[in-house]
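Sequences listed follow chains A and B, in order. No gaps in the numbering here: position 143 of the first sequence is 143 in our numbering, and each next residue is one more. No gaps in the numbering here: position 103 of the second sequence is 1103 in our numbering, and each next residue is one more.
Worth flagging that the hints you see were computed from the coordinates, not collected in a lab. All residues carry an ideal CB built from backbone N, CA and C; glycine is no exception. Treat the hints with care, as some may be off.
What the hints assert, rightly or not - For the chain A half of the interface with chain B, some residues (derived, Cβ under 7 Å), not all of them:
#, residue
1, A20
2, K22
3, A23
4, Y30
5, Q34
6, V38
7, K40
8, G43
9, R114
10, Y118
11, P120
12, H121
13, I136
14, P160
15, G162
16, G166
To be verified - Computed footprint of chain A on chain B; a stretch qualifies when at least three of its residues, placed anywhere within it, have a C-beta under 8 Å from a C-beta of chain A:
#, segment
17, 1122-1128
18, 1261-1269
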Amino acid sequence: MTELPTAGRTLRAHPPGVSAAKARRWGAFYYAEQVLRVMKGYGWSIFLYSVGQPAAYLFAMGVGLATLVDTNTVSAFGGVSYIAFIAPALLVSAAVMTAANEFTFPVMDGFKWRRVYYGPHASPLTPEQIAAGQIIAVTLRFLLQSVIYFAIVAMFGASPSGWGWGSVLVATLAGLSFGLPLMAYAASIKEDKGQFAMVMRFIVMPLFLFSGTFFPLDTLPVLVRWIGWISPIWHGTELGRVMTFGYEESPVLTIIHVVFLLALAWFGWVLTKRQFVRRMGQ
Amino acid sequence: MPELHSAEGTSKKPVPANETGPTNQTEPGAVPAAPRYVITAENLTKTYGDVTAVDGISFSVPAGESFGLLGPNGAGKSTTMKMIGGVSQRTSGNLTIMGLDPEQNGPEVRAHLGVVPQQDNLDEELKVRDNLLVYGRYFGLPMSYLKPKADELLEFAQLTDKAKSKVDALSGGMKRRLTIARSLINEPRILLLDEPTTGLDPQARHILWDRLFRLKEQGVTLILTTHYMDEAEQLCDRLIVVDKGRIMAEGSPAALIRDYSTREVLELRFGSERNASIGAELGGIGERLETLPDRVLIYTHDGEAALEEVSARGLRPLTSLVRRSSLEDVFLRLTGRSLVD
């Protein structure tokens, strides 16, 4: 292959067969590396979002609203302080909101605006690997963001249980559970007509408000409780509460939360994969 | 300016298509015994619903050849390139790249290729050099190889001083050169170029031609689509003219001109009102006459003699021009002059 005399040594690319074998095995991680490099470009905003959002919410809720709530109705929130009650919900909601950004606009960018998916598509990578690579990179972002978030929650003393760190994994799972079906939807969009703004306004925000985030779900009228039952935020939040302060609920319900989140993420992955293969193979 | 050296270190001459057939190479990691035909297509067809974009075309490309696909918009060139590039599935027919079926061995086929798409799809949020590094990673290439290789390619593409710039700060010509540099990161033996110079100014086009010509000299097989006839004449050893998904003609630029046109063309302008009616008075001059709204073309082997005959008949054109016949004459004859959007 190519020689680079100026380097003082022989420079050779490995043969195409090796490229293909490596790509078949590690292709998703190669694409994840690309997405992480792009994220590095806006690393400061990720960091500030990860620190600033929990600090602002926990301060406002913990110092402001919680003072009022705790003096009146501690027992209504599982016997813990209001800030401990809402902390896992905020953690999960932050991951879901990140998912609503990372699995929408960058997907549109990949297929339509700057067509960045089509560069790697011409390399040995497959469409499934490109999708998986993006998911791996965003999962790492969920983890990093949730670790920072949890550290701030712990600093506020809002995670009394020793299992609180598990809420980091729960938030990550909730982010994927909400994000992957959304990614499949984003991959199906041919023209941007403001669909993502609609998703934020009419799906993410209602889920955020009506998923037992700021008050237990059973305080809502039965007519709107279903929003929580189908919401990854509610399932993630309840699971997070079990982790951070030993929230008492039926073990069957805990299992349902896990199964629901996993099933939705898996369903989203299957749809995403199919959509990527179909759209890139045209 | 550094050269990019081929593995063999020597230029390859195209091997005639009738000398040998394809050989397979499937072992991962094995150094490939380069097949003489790097691409073979038989009755290649692609339909989108009721639309037949590629309609049963057949061709073979030997190693080291510079092979062009010429055709108007919508002729099926890009669709053919996508199938060769292993990113679009054919509807029917056979296709092998380096002896491999791109549908069965997509990653293996694509690992052999360098691809310059019609639309740049560089990572605009990454820096120029990082675009090369990241792309090389898709081939599993280690950083110890990629870093010096990226520097070498930046020099090749005359972009060394832009290495740390963001891509969106580059001009169109620079982006195109970077896309070509990116396509070479894995040292491909086949380079697919889909309208590589569309939208570039003449200076940028000539720089790109120079770079592509160097690659050709190093034995890289170039597959090129273009609707610039001068580009096809400059770069292609052989080409096919495609229209409505079918091959209209095949051969070297010189052979196509010989077969489908005359040695020279006499262009006469009588004014837009007279051009249409003058045809009858020019009858018998040259091999063929074509009347256009703005001029009359007389295809002939001797343009000066034809012009003398026009004068001898007492006709006085406003302007006259004798020129050599070009690929454009062939192209327009084969694909027509009506506008294709």
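How the hints compare with the structure:
{"no.": "1", "hint": "A20", "in the structure": "holds (4 Å)"}
{"no.": "2", "hint": "K22", "in the structure": "holds (3 Å)"}
{"no.": "3", "hint": "A23", "in the structure": "holds (5 Å)"}
{"no.": "4", "hint": "Y30", "in the structure": "holds (5 Å)"}
{"no.": "5", "hint": "Q34", "in the structure": "holds (5 Å)"}
{"no.": "6", "hint": "V38", "in the structure": "holds (5 Å)"}
{"no.": "7", "hint": "K40", "in the structure": "violated (9 Å)"}
{"no.": "8", "hint": "G43", "in the structure": "violated (12 Å)"}
{"no.": "9", "hint": "R114", "in the structure": "holds (6 Å)"}
{"no.": "10", "hint": "Y118", "in the structure": "holds (5 Å)"}
{"no.": "11", "hint": "P120", "in the structure": "holds (5 Å)"}
{"no.": "12", "hint": "H121", "in the structure": "holds (6 Å)"}
{"no.": "13", "hint": "I136", "in the structure": "violated (14 Å)"}
{"no.": "14", "hint": "P160", "in the structure": "violated (42 Å)"}
{"no.": "15", "hint": "G162", "in the structure": "violated (40 Å)"}
{"no.": "16", "hint": "G166", "in the structure": "violated (33 Å)"}
{"no.": "17", "hint": "1122-1128", "in the structure": "holds (count 5)"}
{"no.": "18", "hint": "1261-1269", "in the structure": "violated (count 0)"}
When held up to the earlier numbered hints, the structure conflicts with 7, 8, 13, 14, 15, 16, 18 and fits the remainder.
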